[in-house]
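Given the coordinates of chain A, work out where chain E should sit on it, guided by the hints.
One letter stands for each residue in the lines below.
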Amino acid sequence: MKPSLIISAGTCGLARGADEIIKAAKDYQQKRGLKKAFNIKVTGCHGLCQAEPNVLIVLNGKKIFYQQLKPENVADIIEKTLRKGKIIDDFLWFDSKTQRRYVDIDEIPFYKKQNRILLGNNLCIEPKFIDDYVKIGGYSAIKKVINDYTPIDVINIIKGAGLRGRGGAGFPTGRKWELCREEKTNTRYIICNADEGDPGAYMDRSLLEGNPHSVIEGMIIGGYAIDATEGIIYVRNEYPLAVKNVGIALEQAHKKGFLGKSILNSKFTFDIRIVRGAGAFVCGEETALLASVEGKAGRPRPRPPYPAEKGLWSKPTNINNVETWANVPQIILKGPEWFFSIGTKTSKGTKIFSVVGKINNTGLVEVPMGITLKEIIYDIGGGIPGGKKFKAVQTGGPSGGCIPEDLIDLPIDYESLTEAGSMMGSGGMIVMDEDTCMVDVARYFLNFTQQESCGKCPSCRLGTKQMVEILDRITEGEGREGDIELLEEVGKNVKLSSLCGLGQTAPNPALTTIRYFKNEYEAHIQKKQCPARVCKTLTSYVIDPDLCGGCTVCAKNCPSNAIIGEPKKVHTVDQSKCIKCGICITVCPDKFRAVKKMSPVVR
Amino acid sequence: MITLTIDKKRVKAKKGETVLEVAQREGIYIPTLCYHKDLMPYGGCRICVVEVQGWSLPAASCTLPVEDGMVVQTDTRLLKKLRTFSLQLILSEHPHACLICSKEKDCAQYQECIQKSAITFGCKFCSQNGRCELQDLVDYLGIKDIPFDFHYRNLEVERFDPFFDRDYNICILCGRCVRVCQEVRGASVLDFHHRGPETLVGTAFDLPHLETGCQFCGACIDVCPTGALRDRYGKWMGVPERSVKTTCTLCSLGCSIKLNCLDTSVINSTPDDNQICVRGRFGIAPLVHHPKRVTSPMMKKGDRLVEVEWDEALQFVCSRLKHHAGKTGIVFSPQLSIEAIDSLYRLADSLHCHSLSALAACYCAPFDLKGIKGNAVFIVVNTDMISDFSPLLLKLKARLKDESTFIVIDAVAGEITQMADLWMRPEPGKEGELLNDIFAQRKVGVHTNISIKDIKYARDLLFGKNCYLFCNPFNTENLSVPKEVKTIALPGSVNALKIGAMGIDKSVKDVLRDKNIESLYLCGVVPELTKKYDTVIVQDSFLPPCEFDVFLPAATFAEIDGSVMNIEGKIKKVRKAIEPRGKVKSDEWILSEIGRRLNLSPRSRKPMRRKGTITTTHRSVRTSKAYPIRLIVREHSYMYRSTPLSQLLKGFERLRHDNRIWIHSSAAKKYRVKDGAVVVITGKEMKLTMPALITDDAPEDSVVVFSGPSIGFIDSQPVRIECIK
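As you go down the protein sequences, you meet chains A and E in turn. Numbered per this note's numbering, the first sequence finishes at 603, counting up by one with no gaps. Numbered per this note's numbering, the second sequence finishes at 1328, counting up by one with no gaps.
Chain A extracted, bound-state conformation (with noise of 0.2 Å):
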């Protein structure tokens, strides 16, 4: 078999230059004339994206990974590696915790606990290419479908699998499809939810951008179940590689009878278009991106009655998340038993979580339900960089909450999530450490919500504006007394005011920073002070005497000429003048570190 040279090219790749690795190992190939030798693959996101850009290299039945590449490496990699076998230990990841470099990509610690039923696909298609999927049994499930299954015995597949929407709700999968089947029409439709406006989530990027066919098909399986006359992807407008892989893989699955009229020569006819958003985080809400898709504006509608009932066009109509369409492929080909047989008592099957923030390796992690918060970011995650020590975990995004460190052994499902105060959400999982500063993550979903916020309630509209001023006066040290009774009081009724789930959760991330973070939010307002030192009014910039070297190097980069003192002597911030911006703990030098920052501030 050929060597491969596999190129990590999602948009988390790309934006690390990837496109220049790939240029560069297309041009190496062309003008050594090397097509014979070895193939270029260019797929969706491996993974591993603190790596990026990444290769991966089968050779010989290896799966050698390469990591943080630039293209002058490219011909290192060609000649040494893919055709003479060598590894190049610079390029091999290096894992923090266990402080060690890895070669073949199934030992890397962070790839050694996830399950990667969705995401391993991504490895080996190119997402252009149809039959990548095909070879690795890609619209199987759809012929099984068509030539065994009436549509009652995939929805009972489905039931019995225990699906569970991954779009938040975990409401399940079988059961919802059921529902729509069931009324009375002839037509229905069937829509994959890919607007994904969770700051930090990007795990339906990744499906769609890497892995098209496997929504494509599931949503064809679900077409079927349902009765379903056309499918929509309402995909969310700032993501443009997914557009553009999902609409060549629509074509391509025309063309080869996948789609369309009688398909695989059966009595089924259904289609799939595409709908782009506009920039609303409010139409990843169902009732708001059917509006959009009706040309509307997005704002929700009240439910009852729900889609299912009366939904686009007021036709019954199913909604979907794109990683739920995605696993109904698999659970045909494999079994229900199969998939039922990962995850927890409640919580089927693998979900997967983008972790970000302060940790090691950051990207994206498919675990099966009921692993612990304490293995993804330990095991996988490779635990918090700088030594710092971890403080919380944020899930399930402006609609979540934040997990403390006395929760971690928590198992993830749906249920457990919920109990604690936050939720599964899409998935995005935000690791913070000693130097976040807890009313500031509260501060900042609050505000992202206010803006997203579609205007139609008060609660929502109003009730998060005041909890944002609110938050905005604490972390500028005006905080006041019965602030934080307030943000609860606000915060509750918001949630039972409101009209749709936007409003009815966002006072979560205030609502549980408060729970678990009270202390934070007392030193704020009682001493003015912010124990992470992130809040900028509460926190000065200080040079410690006894550390300074006087090197005048923090003095010559300070952009307000805020730093004082003589070369060789100790120097010292005119605290009027400093503007905070961080620039003095940056350059000064690793011997001296002397910069520190300080909270309350000082006089």
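Derived from the structure by calculation, the hints contain no laboratory data. A virtual CB, placed ideally from N, CA and C, is assigned to each residue, including glycine. Among the hints, erroneous ones may be present.
Anything over 12 Å on all C-beta distances counts as not near chain A; from chain E, calculated [to be verified]:
| # | residue |
| --- | --- |
| 1 | K684 |
| 2 | V787 |
| 3 | R798 |
| 4 | P800 |
| 5 | Q1021 |
| 6 | Q1320 |
Now the in silico label distances, taken between C-beta atoms and shown as ranges [stated by the list, open to error]:
| # | chain 1 | residue 1 | chain 2 | residue 2 | range |
| --- | --- | --- | --- | --- | --- |
| 7 | E | F808 | A | D19 | 51 to 59 Å |
| 8 | E | L681 | A | V134 | 55 to 63 Å |
| 9 | A | E107 | E | L681 | 53 to 61 Å |
| 10 | E | A807 | A | D19 | 36 to 44 Å |
| 11 | A | P199 | E | L681 | 31 to 39 Å |
| 12 | E | A807 | A | W313 | 21 to 29 Å |
| 13 | E | N1052 | A | T269 | 27 to 35 Å |
Per the computed footprint, the stretches of chain E lying under chain A, defined by three or more beta-carbons under 8 Å from a beta-carbon of chain A, are [to be verified]:
| # | segment |
| --- | --- |
| 14 | 692-704 |
| 15 | 1226-1238 |
For chain E alone, kept in the frame of chain A given last:
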């Protein structure tokens, strides 16, 4: 049949009903704010929330479909807390100082003059004080304090459009105005802008309403719960104490309206369980109380115009009428009540008058809404149904549930040409030819300039459908249409059908040209007079521009009891809402009194009067070198008796420009006419001097003018234009 429990009461409901509807029917009160019975429920204000057993969150009852076995509670501590929370938030953006002030009751006496600053800082400075739904809710929930910081949007109050003001600083974003404009009126002028805390209500691109197709129907004002949208005229006059149901007589629809009055004034007029138009909504109150209304009889004595008593005026009138009996021309406005018209006819008969004429007469069948079947295509000829008949159009659309197609044939552009499914613009006068082109299978492109593509499209639209043709007979000659097409006349004036059936002696033009007539009795009509008369008697509300000898001040329809006949042939009641102003009397009283004083024996045989329909458009007007441009005359449908509304009320002038002659930009260039410049239009037997309006609503080769007594009774004809320096 569904059974559910609301507040421990078992109630029955039908599938598809909401919990709010059922509760209201059962007399269970649930407070609401954005809900309105005529609009689709919105669920936005969160005031009507209820608790449902087994549900983790409360739900808005206005959008909650009933389910069998549902157990609902409408008045719990939690609900009160949440309603208070939502209202407090709404009020955090709405000037609320007065709403929660403990001195509220004592304050009123100090606030009178500050109202006129029209910047609403609180209830006492607001025109809606005393009739605001927020005040009602604050009372019901017992709110004494608002724990949130107050935000004033600090927007400029919008006063640049006619008829009504908009203060979006006090808007609570309930969405009722948006919904009524979109769902009920179909004009879609208003919508929400932006989102989140920046959300505001406004027009497309923040254009003035005049530029967005707003019909100024006032429906948005009628549903606004606060003082954000209010009529400019009656805003500060206080809360009306009585509403009198009556009929608007400004056009042939005769819509039911309510005149809302306080003491001796009409504050405003609002719809009575239907939709109305800008005339009925904004034209009535300021008209009735117009400063130029003459409220005392007047007589010319030498050079001076003197106020006199009724006795003297009527004596004079009777003596002149007796003197000129048989040589008197009587011209009247169809806006008189039927009772007055009857008195007038009796008077005319007893005077042996053969020169009785009216501004409008229509002998066509009454409009039968129920006779219009579904699967319909409407061809509308030379009639702007939106500006002239919008409530009728809405009834039509409601009846057909919006499944109707409109083909508009009109050389002049208007509101309906914009909403038409197909608009064809033939040369003026060629409407009949065009219809023949469409219906007869004859060669196209010969008789009119309409393209084959459009005619084919029209035929496609008509295929297999019930076809109805609407036209205002005043604007269109008798068109020959195939028998499959049902022609429905839309006369513009109230009582036109009555007068058409009663008959008139001759046209107004002929009365005015008759050399034998020596005196004129002008009853609600004041034309340009072309000859000298011995006596001119004017009976109207405003002083006429022509010479006259005696002026008899007539009451408006707000000040009389009577009846009128509308376009459907229905007799509708006009009810007196206020005491007649000054010394004005109803037309009926004046005419019967004259008749009584004259005490003439009624004629043994009533004169034969011509029954018919007044039309004006000439068949294909041919231009010549001397008269190179066509003059199109359209019925002036915005009149109060003799006077165009645009002459009395600035808002109508800005809205309609019907007091100008319309000229296309290319024609304006050709004849060197500037916008607003005074032009002289000369025809074979007529001359007209008016300011011009350059608009491409006029066809390229014609100028358009709106008929009215003040411009004389002219027909469409070839003319020439000259610009006066």
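Now for the hints, and whether the structure bears them out:
1. K684: The claim is violated: E:K684 sits with its nearest Cβ about 7 Å from chain A, within 12 Å.
2. V787: Holds: least Cβ distance 18 Å, greater than 12 Å.
3. R798: violated (5 Å)
4. P800: Violated: least Cβ distance 5 Å, not greater than 12 Å.
5. Q1021: holds (20 Å)
6. Q1320: holds (49 Å)
7. E:F808 with A:D19: 51 to 59 Å: Check failed, 41 Å falls outside 51 to 59 Å.
8. E:L681 with A:V134: 55 to 63 Å: holds (57 Å)
9. A:E107 with E:L681: 53 to 61 Å: For A:E107 and E:L681 the Cβ distance comes to about 56 Å; the hint holds.
10. E:A807 with A:D19: 36 to 44 Å: holds (42 Å)
11. A:P199 with E:L681: 31 to 39 Å: Given a distance of about 33 Å, which is inside 31 to 39 Å, the answer is holds.
12. E:A807 with A:W313: 21 to 29 Å: The hint (21 to 29 Å, Cβ to Cβ) holds, given that E:A807 and A:W313 are roughly 25 Å apart.
13. E:N1052 with A:T269: 27 to 35 Å: Violated: the Cβ-Cβ distance is about 47 Å, outside 27 to 35 Å.
14. 692-704: Per the Cβ count (4), the hint holds.
15. 1226-1238: The restraint on the segment 1226-1238 of chain E is violated, since only 0 of its residues have a Cβ under 8 Å from chain A and three are required.
Checked against the numbered hints given earlier, the structure breaks hints 1, 3, 4, 7, 13 and 15 and satisfies all the rest.
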